[in-house]
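A.B. asks: What follows is the residue order along each chain.
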Amino acid sequence: MEDSDWFTLLHAAWTTVWISGISIILGVALGLVVAMLRAAKIPVVSQFLAVYVSLIRATPMVTLVLFLFVIAPSMGWEVDPRVVAIAAMTLNTTAFNAEIWRGALTSFSREQLEAAKAAGMTTGLTLRRIMLPQMMTTSLPGLVNEMSLLVKSSPAIAMIGIVDLTRVTNRIAAVTYDPLPPILAAGLLYILIIGGLVRFQRIADSRAKRLAM
Amino acid sequence: MNGFKMIWDNIGLFGEGLQNTLVLFCVSGVLAFILACFLTFLLEGAENIPRKLIRWGLDLMRMLPFLIFLYLLYYGLPNVGLRLDVWSAGFFALITYHGAYFAEILRAARTSLPAGQAEAAYAHGFINSSMYWRILLPQMVMRSGPLFGNQLVCLLKDTAFLSIITLMDLTAAASAVQAKYFVPLPPFIFVIALYWSVTLVVETLLRRLSRRAQKRGLVHE
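Listed in order, the protein sequences are those of chains A and B.
First residue of the first sequence? That's 1 in the working numbering, and the numbers climb one at a time after it.
First residue of the second sequence? That's 1001 in the working numbering, and the numbers climb one at a time after it.
A couple of the hints might just be wrong.
Covered by chain B, according to a simulated footprint, are these stretches of chain A (three or more residues, beta-carbon under 8 Å) [stated by the list, open to error]:
id: 1; segment: 53–63
id: 2; segment: 85–99
id: 3; segment: 112–124
id: 4; segment: 127–134
id: 5; segment: 171–182
If you are wondering where the hints come from, they were derived from the structure by calculation, not from laboratory data.
A virtual CB, placed ideally from N, CA and C, is assigned to each residue, including glycine.
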C-alpha cells in the first residue's frame, strides 16, 4: 500500500464518521421524542411507536438500507445515496435510543417529581430543569454503547455505492490486487473509532454511577 | 402487479432464503455458544500472559464491524493461501465473531458470582475443570438469559451481511425478486416480517425457558 492509499482510506473513514455522526445526532434527539410520545400514552400513536421499535429492532441494517434505496425512486424521490444511508441509520438508531430514553424516563425518581410540583414548577419546567439534566447523565452510557453498535453496522451503507471505510478496501484492492493490507488497515481504523467510543462509554459510566450515589 | 401474487410466484426463492438464513442462524448460534463456554473456561483462573492475550483478542474482535471481519476472511485470506467458500467463510465469521460476544456476556456473569463459591468447591476437592463445567457455567448461563436473547437477535441480523458476499439468504431473496419486477415494496415488507417473526419466536422461547428455570428453582432473582 502506498501513501495515496492511506489518504484514500482516511477519506473513506471520514465518510463513515460523518454519516454515522449525523445519524447519531438525529437519532438521539428523535429517540427522546419517541420515548416521550410513548410515555404520554396517546392512543394510536403509542401503539404505532411500539410496533416501530419492535420491527426496527428485528430488521437487519443491510435489509433496511437496501429497502429504502430501492423504494425511494419508485416513490418518485430521486435522492442521493448518502441521504438514504443517513435515513436508514437514523431510523435504526432512533428505535434503540428510544428504548434507552424510555428506561430513564420510567425509572425517574417520583420524589423529585412531587417536590417539583410542590414547588410550583410546570411540567415543561420540570422536564427542562429537573428531568433532562439527570436523564442525560444516566442514559449517556447506554446511548454511547448504541453509538458504537451503529458504527459497527454502518458498513451496510457500502451496499448502495457509498465509498465508506468498508467499500474503499475493494477500490484499493482493485488497483493493487492485494486485498489483505487495505482490509487490515480499515479494520485498524474501525478499531480506533470504536475503541474511542468504548473509552468514552467507560467515562460516561463512571459519571452516571457517581450521580446514582 | 399484485403484491401477494408476486410473493406467491417466488415463494420457492423466499423459502430457500429463509431456510439458508435459519440454518446459518441456528448452527452459528449453537456453535458460538459452545465456543464461548470454552473461551471463558480458558479465562478461568489467575491472570497470566495467555489469558491476557485471549482477553485482548476478544476485545479487539468486539471493536470490529462484522462485515470487515467477513471481508478479511473471504477476500483477505486467499492472499495468504487460504481460500474459503461463501458458506464456510460465513459460518466461521458468525461463529467466531458472536462467540466473542457470548464469551463477554459469560465473563460478565462470572464476575458477578460470589468468590466464596469457587473456594468452597476447591475445599470439597473439585478440580478446576469440573468446577467450571458443573458449578460455575450453569449459573453463568442462567444469569445471562436476556443478554443472550439480545445477542441472538444481533446474530440473526448479521446473517444479512452474508448476502453481500453473494450467499442466497433472506435479504438476497428480497433483492432478487425486486430486481425481477422493479417493485420493491412487497418483497421487502414480506422479508422484514419474516425477520420480525423469527425474532419474536426466539424471544418467546427464551422467556419460556427462563420462566421454566425459575419454576424449577434454577434461578432466583
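A.B. asks: The structure should be examined with respect to each hint, and the outcome stated for every one.
C.D. replies: Hint by hint, here is what the structure shows:
1. 53–63: holds (count 9)
2. 85–99: violated (count 0)
3. 112–124: Since three or more residues must qualify, the claim that chain B covers the segment 112–124 of chain A is violated, with 0 doing so at under 8 Å.
4. 127–134: Contact hint for the segment 127–134 of chain A vs chain B: violated, 0 residues under 8 Å.
5. 171–182: Holds, because 4 residues of the segment 171–182 of chain A bring their Cβ atoms closer than 8 Å to Cβ atoms of chain B.
Consistency note: the structure conflicts with the earlier hints numbered 2, 3 and 4.
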